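Trainee: Build the full structure now, drawing on both the sequences and the hints.
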Amino acid sequence: MMGRFRGCFPALLTISAAALTACSEGGGGVGPVEQGAATISLDITSDRTLSPDTVYTLGGFVHVTQGATLRILPGTRIEGRSGSALFILRGAKIDARGTATSPIVFTSAQPEGQRSPGDWGGLIIVGNGIVNRASPVLLEGTNTNPGGGSGQNYAVDYSGGSNNADDSGVLEYVRIEFAGFGPAQDAELNSLTLAAVGSGTRIQYVQTLAGLDDSFEWFGGAVDGKYLISYESGDDHFDASEGYVGRNQFMIAYQSTQLQNAPGAGNTSSDPQGFENDGCAGANCNSGQTSQPYTIPMFANFTVIGPGPGVYTAPGGGRGMVLRRGTGGHYVNGIVARWPSAAIAIRDAATQSRIEAGDFTLRNILVAENGTMFEPDVASSSTRHFALDATVNQIVAHSGTAASLFTGLPSQPAVPTTATLDWALAANSPARTGGTGPFTGARATKAGTFVTGTSYRGAADPNGQRWWTGWTSYARR
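Mapping of the sequence shown onto numbering that gives the first Met the number 0: position 26 corresponds to residue 25, and the numbering continues sequentially without gaps.
Derived from the structure by calculation, the hints contain no laboratory data. The model shown is predicted, which means the values in this text are computed figures rather than measured ones. The beta carbon of each residue, even a glycine, is placed where N, CA and C say it ideally should be. Hints are supplied without guarantee of correctness; some may be wrong.
[Stated by the list, open to error] Think about it this way: if two alpha-carbon atoms lie no more than 20 angstroms apart in a straight line, the pair counts; the simulated DMTMM-like pairs of lysine to aspartate or glutamate are: (1) K225 to E171; (2) K225 to D421; (3) K225 to D46; (4) K225 to D166; (5) K225 to D94.
[Said to hold, decoys possible] Distance windows between CB atoms, simulated: (6) G146 to T416: 43 to 53 angstroms; (7) E111 to T289: 41 to 51 angstroms; (8) T390 to A356: 20 to 30 angstroms; (9) P375 to A313: 14 to 24 angstroms; (10) T390 to A443: 15 to 25 angstroms; (11) A356 to Q34: 48 to 58 angstroms.
Mentor: So, in structure tokens, the structure goes:
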């Protein structure tokens, strides 16, 4: 039983003795409980509710299976051990609706101060949406226990779906911390994986913190999102591929350090970026980098801040936006700053062809303190790099520092806190203007009624509320 304790022997859970204050030998009721502790080790095969009177620990690879709904009440805390993760499988749902004052927190089971990236796996949602790879396509990091049973890391295939309007539930005011455990070599899980998740799913006010692999990763599908935050990532902050066509608005990514993984958890990336979007890559792509449906997302009002020079040792990383392998998409009203290699890298001819087709646009972007605006083409490189006309597309370089754009952005190498990260635009910030809206053409079609045009750039409305306060957290351990 995954709610308030009303008996002595709930299925699937191990309850600590401290949680039980009045459990009689005859199986009578339980007296007042301040906060109990329970371990979830097996798959969840019917509707369950998790509540804030209990701290839940994931004791394995827990799958919510088809037909079941996992409901998580505001203020609930779920902790993950090494070798654990939570999967919401195709046909199942998660209903996790926290509040600004009582967020739902997925975090490490280690004590504060001893937590590390990769302490546990992460949250994985699998829908019935469309991907541009042929079956079977197993989620990276799964199937280390082929044919395994309940609570084990068996194969999870996310290909073959046909419904981009599929509904996998709700995530609202949720934090996911210290995730990214790798069940196999070079196969780390992401903080939040959205695999073929449909647009019937609602995702807003979600933060990831110090995950070992990508913070947010979309594999196909069409799920939309708003108010997304990634603080410190071991790999990419936002990664979309395999025919993802969803829309996201109001996004913050912040990197100030190169993360150090938990022992035995996996490896930090050799090419960490802000955005890393692909058309299709890997085995079973329908038509290589021209596989359809094309990856054509929309990302609007993003603030993507890198660590500056001298932090990354990874030779292939340090770019604000890497757009490659035939991706399209519409990227508007953003800020890309402090990335040591380049603000923007458009990597190959397959991606350039999407620009020519009109389903790739990059407009009204403010860049500051990057190695260069566009990664230059290198004649000896096997991969061509392309640049857009900065003037026509209103991609503007700010001559000042990244910190001068915001009310609170600590200078390197200062260690930030939740309080010192304030994304409200400074009084004289050029990001207060220069946005675009209403949209026209392909951008208007893509935006629909979900994405709204703004007169400003970045994730913070100069006249709006600080939507990131009260429910987010910053910590390195």
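Trainee: Hint by hint, say whether it matches the structure.
Mentor: Each hint tested on the structure:
no., hint, in the structure
1, K225 to E171, "holds, 10 angstroms"
2, K225 to D421, "holds, 18 angstroms"
3, K225 to D46, "violated, 27 angstroms"
4, K225 to D166, "holds, 17 angstroms"
5, K225 to D94, "holds, 17 angstroms"
6, G146 to T416: 43 to 53 angstroms, "holds, 47 angstroms"
7, E111 to T289: 41 to 51 angstroms, "holds, 48 angstroms"
8, T390 to A356: 20 to 30 angstroms, "holds, 22 angstroms"
9, P375 to A313: 14 to 24 angstroms, "holds, 19 angstroms"
10, T390 to A443: 15 to 25 angstroms, "holds, 22 angstroms"
11, A356 to Q34: 48 to 58 angstroms, "holds, 56 angstroms"
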